[in-house]
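Start from chain A and add chain B according to the hints.
Just so you know, the protein sequences line up as chains A and B, in that order. The first sequence begins at 1 in the working numbering and counts up one residue at a time. The second sequence begins at 199 in the working numbering and counts up one residue at a time.
Keep in mind that the hints were calculated from the coordinates and are not lab data. Please note: incorrect hints may appear among the correct ones.
Here are the simulated DMTMM-like pairs of lysine to aspartate or glutamate, each with C-alpha atoms no more than 20 Å apart in a straight line [said to hold, decoys possible]:
1) B:Lys341 - B:Asp372
2) B:Lys200 - B:Asp254
3) A:Lys39 - B:Glu365
4) B:Lys313 - B:Glu365
5) A:Lys39 - A:Glu7
6) A:Lys2 - B:Glu285
7) B:Lys312 - A:Asp121
8) B:Lys200 - A:Glu87
9) A:Lys143 - A:Glu79
10) A:Lys114 - B:Asp319
11) B:Lys312 - B:Glu365
12) B:Lys237 - A:Glu137
13) A:Lys2 - A:Glu37
14) A:Lys114 - A:Glu7
15) A:Lys130 - A:Asp174
16) A:Lys114 - A:Glu167
17) A:Lys130 - A:Asp173
18) B:Lys328 - B:Asp372
Okay, the calculated beta carbon distance ranges per label pair [as the list claims (entries may be wrong)]:
19) B:Gln396 - A:Gly196: 45 to 51 Å
20) A:Glu7 - B:Asn336: 25 to 31 Å
21) B:Met199 - A:Gly193: 39 to 45 Å
22) B:Arg316 - A:Phe116: 23 to 29 Å
23) B:Pro387 - A:Arg45: 32 to 38 Å
24) A:Glu137 - B:Gln339: 43 to 49 Å
25) B:Pro364 - A:Gly193: 41 to 47 Å
26) B:Pro246 - A:Pro30: 34 to 40 Å
The beta-carbon is built from N, C-alpha and C at its ideal position, and this holds for glycine as well.
2 protein chains.
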Amino acid sequence: MKLYDMELSGNCYKVRLYCSLLGLEYESVPVDLLKGEHKRGDFLRLNPRGQVPVLDDSGNIIWDSMAILVYLARQYGDEQWLPTRAEPLAQVMSWLAMSENELLFGLARARAVKKFNRPWDLSQCQALGKAGLQVMENPLQAKPWLTGDCPTIADIACFPYVALAPEGGVPLDDFPFVRQWMTRIQSLPGFVGMPGFQ
Amino acid sequence: MKLYDMELSGNCYKVRLYCSLLGLEYESVPVDLLKGEHKRGDFLRLNPRGQVPVLDDSGNIIWDSMAILVYLARQYGDEQWLPTRAEPLAQVMSWLAMSENELLFGLARARAVKKFNRPWDLSQCQALGKAGLQVMENPLQAKPWLTGDCPTIADIACFPYVALAPEGGVPLDDFPFVRQWMTRIQSLPGFVGMPGFQ
Chain A
1 MKLYDMELSG NCYKVRLYCS LLGLEYESVP VDLLKGEHKR GDFLRLNPRG QVPVLDDSGN
61 IIWDSMAILV YLARQYGDEQ WLPTRAEPLA QVMSWLAMSE NELLFGLARA RAVKKFNRPW
121 DLSQCQALGK AGLQVMENPL QAKPWLTGDC PTIADIACFP YVALAPEGGV PLDDFPFVRQ
181 WMTRIQSLPG FVGMPGFQ
Chain B
199 MKLYDMELSG NCYKVRLYCS LLGLEYESVP VDLLKGEHKR GDFLRLNPRG QVPVLDDSGN
259 IIWDSMAILV YLARQYGDEQ WLPTRAEPLA QVMSWLAMSE NELLFGLARA RAVKKFNRPW
319 DLSQCQALGK AGLQVMENPL QAKPWLTGDC PTIADIACFP YVALAPEGGV PLDDFPFVRQ
379 WMTRIQSLPG FVGMPGFQ
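Isolated chain A (complex conformation):
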């Protein structure tokens, strides 16, 4: 299994973290975004979107972190990580949507503005990210994980850009239940960190 990877990408880290939790081995293939390697022909043939992460599992090419998490859960995980039945499956999907919306276009973009000088509106991104964190506080006040009593790929998908939120100027002091949930994730057997938190 090959993971086209970048160390500082929270989206790539979602995949590295989940592989580690599942005990899956893979070869990391670094893609140098600063050198534009993600926009070159050979990489665009893997992922026409020109983004990391991309997973190559014996020729099954999967792009987008959310799709890769779903693939790994169904191929190598069990029902706990991604339920089969419609209703609990949809609950996981709601939080995957949160990870691709408020967290990615809010928290991750705010971080990218501050850390990589990207041209987005910082206060708009921070406000969107905070709205997402506020929504996360609700279920985590009542339950240990986003969808209930055990972790799913929803927790894995939401964790990285929440943990990196302070790098985007969004402190987590006002979100005590989110911080407790982060500690639970960091206590999972096989947990690994990334630059920005451990």
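Frame of chain A; chain B shown alone:
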């Protein structure tokens, strides 16, 4: 089945379209966003995110259009719309991610700037949306549907904001394969339109 709905929302339309294709009946409950009904307590108890659509299927409350499509496909659809096996399931997820990223934060936001005076950067949104359309051209040049030979919920999720792109100042002239794919969707038995296209 109740759908908390707004007529002009492309995200709500995804659900209306898919219900119609599956032949599912539902009660539409209009939520007046201009009057702020989505930010009131009773609605926030259904969806703490304060957004439409929300589905209530005999007490199963599902929020987010992507999660609702997954729920309906698994509960009422068949393997064609949402495969069970890891690899084809992940291919659908890649395009659901596209629908929540380039299409929602690109095309849909551009439309919201022009149509509803939202405060986002129009040219940034248009550029992101066009990048998404360009990525869609590739597979649709070779295959009739985004993931292959039959429509899936990926096609349903991507269709609305592509069809509404001209309202955001993104014409579709440069994307001939996308336009052919739109015609195929509009020819599906049970297809319904929405204001902006039929």
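Now for the hints, and whether the structure bears them out:
1. B:Lys341 - B:Asp372: holds (18 Å)
2. B:Lys200 - B:Asp254: Roughly 5 Å between the alpha carbons, so the hint for B:Lys200 and B:Asp254 holds.
3. A:Lys39 - B:Glu365: violated (29 Å)
4. B:Lys313 - B:Glu365: Holds, because 7 Å separates the two Cα atoms, which is no more than 20 Å.
5. A:Lys39 - A:Glu7: holds (18 Å)
6. A:Lys2 - B:Glu285: holds (15 Å)
7. B:Lys312 - A:Asp121: Judged against 20 Å, a Cα distance of about 18 Å means the pair holds.
8. B:Lys200 - A:Glu87: holds (15 Å)
9. A:Lys143 - A:Glu79: holds (19 Å)
10. A:Lys114 - B:Asp319: holds (18 Å)
11. B:Lys312 - B:Glu365: Distance of about 7 Å is within 20 Å: holds.
12. B:Lys237 - A:Glu137: Measuring from Cα to Cα gives roughly 17 Å; hence the hint holds.
13. A:Lys2 - A:Glu37: holds (16 Å)
14. A:Lys114 - A:Glu7: holds (17 Å)
15. A:Lys130 - A:Asp174: Roughly 10 Å between the alpha carbons, so the hint for A:Lys130 and A:Asp174 holds.
16. A:Lys114 - A:Glu167: holds (7 Å)
17. A:Lys130 - A:Asp173: Given that 20 Å is the threshold and the Cα spacing comes to 11 Å, the pair holds.
18. B:Lys328 - B:Asp372: Judged against 20 Å, a Cα distance of about 10 Å means the pair holds.
19. B:Gln396 - A:Gly196: 45 to 51 Å: The hinted range 45 to 51 Å holds for B:Gln396 and A:Gly196, with Cβ atoms some 49 Å apart.
20. A:Glu7 - B:Asn336: 25 to 31 Å: holds (28 Å)
21. B:Met199 - A:Gly193: 39 to 45 Å: holds (43 Å)
22. B:Arg316 - A:Phe116: 23 to 29 Å: holds (25 Å)
23. B:Pro387 - A:Arg45: 32 to 38 Å: At roughly 36 Å between Cβ atoms, A:Arg45 and B:Pro387 fall inside 32 to 38 Å, so the hint holds.
24. A:Glu137 - B:Gln339: 43 to 49 Å: holds (45 Å)
25. B:Pro364 - A:Gly193: 41 to 47 Å: With Cβ atoms ~46 Å apart, the hint holds.
26. B:Pro246 - A:Pro30: 34 to 40 Å: Holds - the Cβ-Cβ distance for B:Pro246 and A:Pro30, about 39 Å, lies within 34 to 40 Å.
The structure fails to meet hint 3 from the earlier list, while all remaining hints are met.
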